[in-house]
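Model the full structure from these sequences, guided by the hints.
For the record, the sequence lines run as chains C and D.
Using this note's numbering, you'd call the opening residue of the first sequence number 14 and step up by one each time.
Using this note's numbering, you'd call the opening residue of the second sequence number 14 and step up by one each time.
If you're looking for bench data, these hints aren't it; they were derived computationally from the structure.
A couple of the hints might just be wrong.
Heads up, the list lumps identical chains together, so a pair's fine if it works in one copy or across two of them.
Claimed, not checked - Calculated lysine to aspartate or glutamate pairs in the DMTMM-like style (CA-CA distance at most 20 Å, straight line):
#	residue 1	residue 2
1	32	200
2	329	218
3	357	180
4	369	306
5	198	240
6	198	341
7	117	86
8	217	328
9	369	20
10	82	242
11	316	281
There are 2 protein chains.
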Amino acid sequence: MSTFSYEQLYKFTHDMLLKIGCPEVHAQIGADVLLSADMRGVDSHGVARLSGYVRLWEKGRINTNPNIKVVHETPSTAVVDGDKGLGLVVAPYAMNVAIEKASKAGTGWVSVKNSNHYGIAGYHAMMALEHDMIGISLTNASPLVSPTFSKERLLGTNPISVAIPADQEPPFVADMATTTAANGKLEILQRKGEDAPQGWVQDKDGNSTTSSNGVKDGGALLPLGGDREHGSHKGYALGSIVDIFSAVLSGANYGPWVPPFVAFLEPDPNPVGEGIGHFFGAMRVDAFRPANEFKSHMDNWIKRFRSAETTPGNEKVLIPGDPERELEEYRKTNGIPLLDPVVKDLSELGQRFGVKL
Amino acid sequence: MSTFSYEQLYKFTHDMLLKIGCPEVHAQIGADVLLSADMRGVDSHGVARLSGYVRLWEKGRINTNPNIKVVHETPSTAVVDGDKGLGLVVAPYAMNVAIEKASKAGTGWVSVKNSNHYGIAGYHAMMALEHDMIGISLTNASPLVSPTFSKERLLGTNPISVAIPADQEPPFVADMATTTAANGKLEILQRKGEDAPQGWVQDKDGNSTTSSNGVKDGGALLPLGGDREHGSHKGYALGSIVDIFSAVLSGANYGPWVPPFVAFLEPDPNPVGEGIGHFFGAMRVDAFRPANEFKSHMDNWIKRFRSAETTPGNEKVLIPGDPERELEEYRKTNGIPLLDPVVKDLSELGQRFGVKL
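If you want it as structure tokens, here you go:
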């Protein structure tokens, strides 16, 4: 484990993105999105992903100088074609379209096709906050998750993020995979050689397993709920809604056709759409009631929940976004720790392209 | 157990609603919403609720001749004041506003205050389908659910329903409480004297329990996920989002302030808003891409998922909405079975008001 400052990793990421052909402004946005994951503790979606993006670019599956554009629109909606760009760059473009639509029509809703992995969902949702808007960010992803009663991998971990502004209190920011546990958590257990809890994974035959290698060995992650008795059909429905809003609405690939994130797996030769898909929403709070009223009630909501009586052994009730914000504060002063394999991977990448880590 | 025809229960409900002062058109809508729950197998939200509504009316908490109106709007949004009306009637009004907005602006989003229990979430979402729109329906509800790490009941079972049109295939219709299990399922176990699975309920001290009387005895339902290790913070976040969209946006009561559904419990003397809240959305699919393209891809999505390989012991993979639709078909020919206590309750209600069951 080594620790790096934000500036150090930002500069490295920015310079690497320039090396693979990103225009300056895209390198800045891409580095900002990626680093926000490291700062907020979603380490699996931060700089650790950079070499994966580079390999996809080397295979011609990512276009680092894309012509991102709106291809269809109404007063409150748009479809954005990402032109095979980095999702890190396509997503903020599309979210800005949603915010612009909302500033005129009250709300804005943008479905995106022909994109790639977009980093953490929460970054894009949170873009709405400074405009006194509620932000929503969804994306589909490579299939790793089985629907209830199926042994096939048909869905990604398809996250949902919703960011809601408050007044004196920090904003409410939910950012969650629609599975019981994110794949990143499983990978941590794998590295430690530890078992996973029941309800996270099934094996390749569709039987419940506690092996943290279950997914690697051909099994699948389970939808939020774990099994039917504990509501996995709800997690499956949520993941499906994310898939449909992101890809069936836009014309991207959906379900098992979503192209794999890893460069060594080839996309389906008969795609049903273009690239992967995202979905963004922005709602002006004053399209419903005066913003100061809304935000002061949000403060009240947050205070009431945060001060709720706790269950035995727990110190406090958290508001969605609390843990990530606290970690962000901590890492601002203390730096970002990276695991040795990640440091090695980034160093080798930098050497190959002449960029110093 | 006795079985009744749709027509019989519809007429009874309709006539009862007239007796308590609903105008004819409201009696028709209210009966239609309530009966659709019985037809779709959500028995806890059907005619079994009728005497509860009547008791709330008797207490002056439901206004059966409300002046429902839009009190704030933008091209794609509105706030509806339900004037203390039956949610069964307020909700379709608000959903129609969302549909009208969508027909012009591409999408429509309506937050509702000053309403009451609205029946099954799915009814309202499904209103969008015939317009080739995606329908969304959320509501908050009396607090029965504890956030992760809390022993207080701060949220309702706050359901999410999303209805998505297809072409030849039946529509995709998700309709789910944001808890591991709906309260209705727990009540069934109570009646049978059976235990509940782990992860459904906690006791009044916040400890996990398998007692199906846990909620009755002062405990709480658990958010989808059950416990932190299985993602209950995600179910808690989803229930919170439903609460905020339904009530903080509109000016209804939220969290622990939501008035209880049962007439023998008094609402909080210091409310933070008016009545309970709902949230509706309608998105024209052709605000994103041509409707025929969208619907034919939905057919493809549905067929692929429905034909997925199954896990051991399971016959087929279900699409959200399949079980409810199949039951609806069955009950059309075979009638609606009602438990003896429900029949007794309705008979007594009818006698009191001179309406024949």
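Comparing the hints with the structure gives:
no., hint, in the structure
1, 32 x 200, "neither (30 Å within a copy, 62 Å between copies)"
2, 329 x 218, "between (40 Å within a copy, 15 Å between copies)"
3, 357 x 180, "neither (43 Å within a copy, 51 Å between copies)"
4, 369 x 306, "neither (50 Å within a copy, 48 Å between copies)"
5, 198 x 240, "both (19 Å within a copy, 16 Å between copies)"
6, 198 x 341, "within (19 Å within a copy, 41 Å between copies)"
7, 117 x 86, "both (14 Å within a copy, 12 Å between copies)"
8, 217 x 328, "between (39 Å within a copy, 17 Å between copies)"
9, 369 x 20, "within (13 Å within a copy, 76 Å between copies)"
10, 82 x 242, "neither (44 Å within a copy, 41 Å between copies)"
11, 316 x 281, "between (49 Å within a copy, 18 Å between copies)"
Consistency note: the structure conflicts with the earlier hints numbered 1, 3, 4, 10.
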